[in-house]
Amino acid sequence: MRRLIFVLPLVAFAAVAAWFAVGLTRDPNLVPSALIDQPIPTFELPPLAGSGVPGLSDAAIKGKVALVNVFASWCVPCKAEHPVLMRLAEERRVPIYGINYKDAERDARAWLDTLGNPYAAIGHDLSGRVGIDWGVYGVPETFVVDRTGRIRHKHVGPITPQILRDEILPLIASLEK
Amino acid sequence: MIGRLAAFLRIALLVMPLVVAAPAGAVLPQEQLADPALEARARAISRELRCQVCQNQSIDDSNAPLAADLRRLVRERLLAGDSDDEIIRYLTARYGDYVLLRPPVRRDTMVLWYGPAIVLALGAAGLIAWFRRRRATPDSAPLTPDEERRLERLLDDRRPTP
Amino acid sequence: MIAEIGHFALLLALAVASVQAIVPLIGAARGDAQLMQLARPAAVAQFGFIATAFACLTWAFVVSDFTVAAVVANSHSAKPLLYKITGVWGNHEGSMVLWVLILALFGAAVALFGRNLPPALRARVLAVQGMIGVAFLAFIVFTSNPFLRVFPPPADGRDLNPLLQDPGLAFHPPLLYTGYVGFSVVFAFAVAALIEGRVDAAWARWVRPWTLAAWAALTLGIALGSWWAYYELGWGGWWFWDPVENASLMPWLIGAALLHSAVVVEKRDALKTWTILLAILAFSLSLVGTFLVRSGVLTSVHAFAVDPARGVFILAILVVAIGGSLTLYAVRAPALKTGGLFAPISREGGLVLNNLLLATATATVFLGTLYPLFLEVIGGAKVSVGPPFFNATFVPLMVPLVAAIAVGPMLAWKRGDLPGALARLWAAGVATAAAVLGTVWLTDGPAGALLGLGLAAWLGAGALVELAERIRLFRIPASESLHRAVNLPRAAWGMTVAHLGVAVVVTGITASSAWQTEHIQLVKPGETVEIAGHTLLFRGTERVDGPNYIARRGIFEVSRDREPVTTLYPAKRFYPVQGMVTTEAAIHTNLLADLYVVIGDPDNGGTPGGDPRVLLNAPAEAAWAVRLYYNPLVPWIWIGCVIMVLGGALSLTDRRHRVGAPGRARRPVAQPAMGD
Chain A
23 MRRLIFVLPL VAFAAVAAWF AVGLTRDPNL VPSALIDQPI PTFELPPLAG SGVPGLSDAA
83 IKGKVALVNV FASWCVPCKA EHPVLMRLAE ERRVPIYGIN YKDAERDARA WLDTLGNPYA
143 AIGHDLSGRV GIDWGVYGVP ETFVVDRTGR IRHKHVGPIT PQILRDEILP LIASLEK
Chain B
236 MIGRLAAFLR IALLVMPLVV AAPAGAVLPQ EQLADPALEA RARAISRELR CQVCQNQSID
296 DSNAPLAADL RRLVRERLLA GDSDDEIIRY LTARYGDYVL LRPPVRRDTM VLWYGPAIVL
356 ALGAAGLIAW FRRRRATPDS APLTPDEERR LERLLDDRRP TP
Chain C
22 MIAEIGHFAL LLALAVASVQ AIVPLIGAAR GDAQLMQLAR PAAVAQFGFI ATAFACLTWA
82 FVVSDFTVAA VVANSHSAKP LLYKITGVWG NHEGSMVLWV LILALFGAAV ALFGRNLPPA
142 LRARVLAVQG MIGVAFLAFI VFTSNPFLRV FPPPADGRDL NPLLQDPGLA FHPPLLYTGY
202 VGFSVVFAFA VAALIEGRVD AAWARWVRPW TLAAWAALTL GIALGSWWAY YELGWGGWWF
262 WDPVENASLM PWLIGAALLH SAVVVEKRDA LKTWTILLAI LAFSLSLVGT FLVRSGVLTS
322 VHAFAVDPAR GVFILAILVV AIGGSLTLYA VRAPALKTGG LFAPISREGG LVLNNLLLAT
382 ATATVFLGTL YPLFLEVIGG AKVSVGPPFF NATFVPLMVP LVAAIAVGPM LAWKRGDLPG
442 ALARLWAAGV ATAAAVLGTV WLTDGPAGAL LGLGLAAWLG AGALVELAER IRLFRIPASE
502 SLHRAVNLPR AAWGMTVAHL GVAVVVTGIT ASSAWQTEHI QLVKPGETVE IAGHTLLFRG
562 TERVDGPNYI ARRGIFEVSR DREPVTTLYP AKRFYPVQGM VTTEAAIHTN LLADLYVVIG
622 DPDNGGTPGG DPRVLLNAPA EAAWAVRLYY NPLVPWIWIG CVIMVLGGAL SLTDRRHRVG
682 APGRARRPVA QPAMGD
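Protein chains in written order, with the numbering used here: chain A, 23 to 199; chain B, 236 to 397; chain C, 22 to 697.
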């Protein structure tokens with residue numbers, strides 16, 4: 023009995039080490055969304071003047087499988103993911119809606135003029151309040167919304183071709199069935 | 236002290252119209268509410284909320300833009316008459332429990348909240364058991380005179396006979 | 022060329038450490054004196070090689086050799102010389118070299134100053150040190166080589182993070198590492214004792230100076246980090262329960278417990294297996310801290326740039342070192358002879374209570390820091406554990422501990438008289454009552470303040486009462502008391518001073534938490550703001566150019582009761598190379614309270630978040646946001662830490678430690694009477 027007590031520290035450490043090992047495979051900065059399977063928030067945002075597309079509201083998104091992408095001209099990774107979004111828009115798979123987050127209109131317009139506009143509609147969220155309703159804490163973030171207007175997936179960070187291929191497109195396919 | 240604080244807040248309120256048009260400059264004096272009681276509640280609530288982008292700071296301490304937005308949101312909801320709990324729920328509905336610096340007391344955080352007390356209790360129990368076990372072995376009490384005489388006789392018996 | 026020499030020196034050190042790790046162990050097992058003797062020159066040689074490597078790296082930084090990748094990533098030609106040097110350890114690779122340098126220094130110290138250690142023990146201790154050296158040198162050589170070259174060399178470096186360009190923070194890592202590495206020596210002693218199968222008073226006496234040195238260095242390192250956070254981060258906070266802060270607090274708590282339980286082993290030959298376990302745990306927690314900081318497993322403001330490969334390597338080191346030592350413990354510890362008995366109410370009992378509370382506190386901090394990770398790994402929700410949790414669980418454990426510190430030394434060894442001890446502490450009781458009543462009368466302070474100040478008074482007065490008892494103050498003539506005081510062993514003085522230091526820290530924490538005042542306001546040039554009886558006249562801002570930064574600083578003339586006190590210059594600095602803006606608070610202290618002033622942003626800013634252009638080009642008549650704090654007794658937090666360290670240093674200089682434990686005197690066996 024007494025010997026068992028002396029083994030306890032080793033057992034406790036083994037458990038802690040196992041946890042650490044698994045922990046190494048995760049990214050502690052990723053915060054899962056609280057809105058998965060929740061309906062998208064009710065909102066209405068004015069259009070981005072001069073972008074050529076209308077403003078955005080929850081009504082406009084509902085009814086079909088869609089992507090909602092939060093972006094800003096001052097965000098460097100947004101620039102990196104932009105070509106991926108452009109290609110996806112050209113394929114006309116799903117509509118891509120944009121929320122322009124805490125951006126000056128002029129800067130956002132210039133950015134889109136230079137890089138191209140993949141968005142079917144853009145809501146200009148200058149104060150960031152609508153972003154808070156979506157649980158946004160950084161840019162870029164991308165949401166996958168199903169036909170009934172529920173958020174099914176949130177991706178934090180830029181969308182790479184690999185993420186598009188492995189995470190987003192399969193999900194869209196299953197939602198479209 | 237409260238009087239002084241209120242006086243300065245009144246000055247800040249006067250200055251506010253001059254600057255309210257400015258976008259998220261996150262100037263702290265502007266954010267403050269006129270009512271000191273509400274402002275105190277705002278500060279207390281802010282200290283319980285984690286800034287998601289700044290690694291282990293509360294939104295009260297952080298100067299990140301998101302923190303400033305959330306501070307303003309908390310004050311807006313206070314002005315709208317929400318209770319402290321309602322404001323917390325408003326934010327956890329959007330950001331999840333991760334936004335709370337004080338983990339909620341739930342089934343999956345029982346170990347966390349009761350852990351320290353359990354460790355202390357186990358340690359104390361272990362110590363009591365250890366003390367009891369050691370008392371079972373006789374303590375080295377001094378010998379009585381009678382026992383000493385008996386011991387001497389025993390030792391004498393063992394000496395080699397001349 | 023210099024970098025290659027440095028790299029080669031590291032490889033040589035690795036080779037020597039490998040020899041040091043294996044050969045003396047074999048020698049100790051076989052009783053082969055020659056093999057055991059090899060440990061000493063090996064340890065000294067290892068230190069020599071690593072010192073060479075460190076010198077080469079420092080040279081590369083000082084001359085701004087931008088063909089070395091580490092220099093490019095962390096330095097700049099315009100950086101002041103002091104920060105070029107301290108920048109050597111301001112990054113992951115360089116800090117690891119500092120780590121092994123201090124490790125090798127301690128190993129060499131054991132080799133050179135441990136002459137009165139039994140040869141087998143010394144050989145084993147140095148062998149374990151060698152093993153640790155091998156582990157970390159391999160880590161450096163294979164995953165974190167500071168001497169990697171970059172070609173073609175860039176024109177200039179990327180500069181050191183401006184937050185690190187600060188005298189306080191420059192010396193924080195060396196002190197911390199001295200603490201962590203000091204515990205490695207104690208760890209080595211524990212493992213050696215387990216291998217030998219013997220723990221006795223002599224062992225405890227050898228271990229004590231190393232534990233004291235490590236703990237004192239760690240105290241200073243943590244205090245320095247806390248003080249830096251206070252004056253640099255801009256809102257007067259000094260402890261945030263950040264995972265990396267907790268990683269340094271846990272070994273500190275266990276180290277304090279170890280200090281006290283080693284006393285019981287030394288004086289009463291008891292608590293041996295527990296003390297061995299603590300010695301293993303102290304260094305294990307240092308290793309866990311290293312893992313947490315450098316592996317990326319937790320988020321923290323402190324974390325170095327992370328790389329999963331490094332995390333795996335460090336985890337492997339943890340598994341071998343901690344798993345190995347705990348396995349050895351599980352196998353060998355039960356065989357250690359149990360020692361002297363004592364009653365629960367006794368000085369030993371007091372030290373056991375101290376250990377129970379410190380160990381529980383450590384477990385609490387461990388649980389809070391790692392719970393989010395644990396929960397997430399088993400598929401649970403993502404929760405965050407912040408200061409509210411720690412304040413609710415850690416502080417209640419400290420209350421009985423601080424109260425007990427005054428009582429413990431008043432109890433006799435083996436069997437103590439608690440009512441008697443409490444009665445003799447009547448003076449401390451009076452002091453406590455006075456403190457509580459005084460606080461109630463003079464302030465409308467919160468209940469927590471009454472508790473904190475009462476505890477501090479109880480402890481401070483109690484420590485003085487214990488000292489008075491030892492020198493029989495008021496019971497014998499004053500000159501005799503003085504004579505006794507002067508001849509008290511230094512360790513006794515060390516204890517009194519260290520415990521007084523704790524009382525000072527508790528006072529500082531209580532007062533600054535309870536009575537901090539804050540004012541936030543917009544102020545235009547020519548206007549005044551007031552706080553805590555001080556009046557500050559804002560004279561506007563001016564631009565100041567530093568060696569590698571441009572600053573805008575406010576000018577505040579401070580006066581009290583119309584008497585001028587000082588002028589404060591809170592500033593915002595823009596470092597162009599890294600593109601970072603830092604806030605430099607202006608602090609005026611009289612060691613009893615701090616007046617703390619920070620400027621924010623000018624109120625006509627157009628873009629969010631401290632745009633440097635706005636800061637530097639704001640017009641002269643702009644109003645600025647200013648935050649003022651008045652922090653009563655906050656300097657006492659760090660002064661108290663320094664007093665604790667002084668107590669530790671006093672104990673270290675106790676002659677008994679230098680001489681080592683007396684050898685077992687050969688007492689003549691009682692001879693039978695002649696003529697039998």
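The set of hints was computed from the structure by calculation and includes no laboratory data.
Note that the structure is a prediction, hence the values are computed from the model and not measured.
Hints may be right or wrong, so weigh each one.
[Said to hold, decoys possible] Estimated spans, in silico, between C-beta atoms of each pair:
(1) C/F163 <-> A/A40: 49 to 59 Å
(2) B/A269 <-> C/P467: 51 to 61 Å
(3) B/D320 <-> C/P568: 36 to 46 Å
[As the list claims (entries may be wrong)] Calculated from the model, a selection of chain B residues having no Cβ within reach of chain A, i.e. all distances over 10 Å:
(4) A272
(5) L273
(6) A359
(7) A360
(8) E387
Built from N, CA and C at the ideal position, the CB exists for glycine as well.
Taking the hints in turn, this is what the structure says about them:
1. C/F163 <-> A/A40: 49 to 59 Å: violated, 24 Å
2. B/A269 <-> C/P467: 51 to 61 Å: With a Cβ separation near 25 Å, B/A269 and C/P467 fall outside 51 to 61 Å, so the hint is violated.
3. B/D320 <-> C/P568: 36 to 46 Å: violated, 52 Å
4. A272: holds, 25 Å
5. L273: The claim stands: B/L273 keeps its Cβ more than 10 Å from every Cβ of chain A (closest is about 20 Å).
6. A359: Its Cβ never comes within 10 Å of chain A, the nearest being 15 Å, so this holds.
7. A360: Its Cβ never comes within 10 Å of chain A, the nearest being 13 Å, so this holds.
8. E387: holds, 38 Å
In this structure, the hints that do not hold are numbers 1, 2, 3, in rising order.
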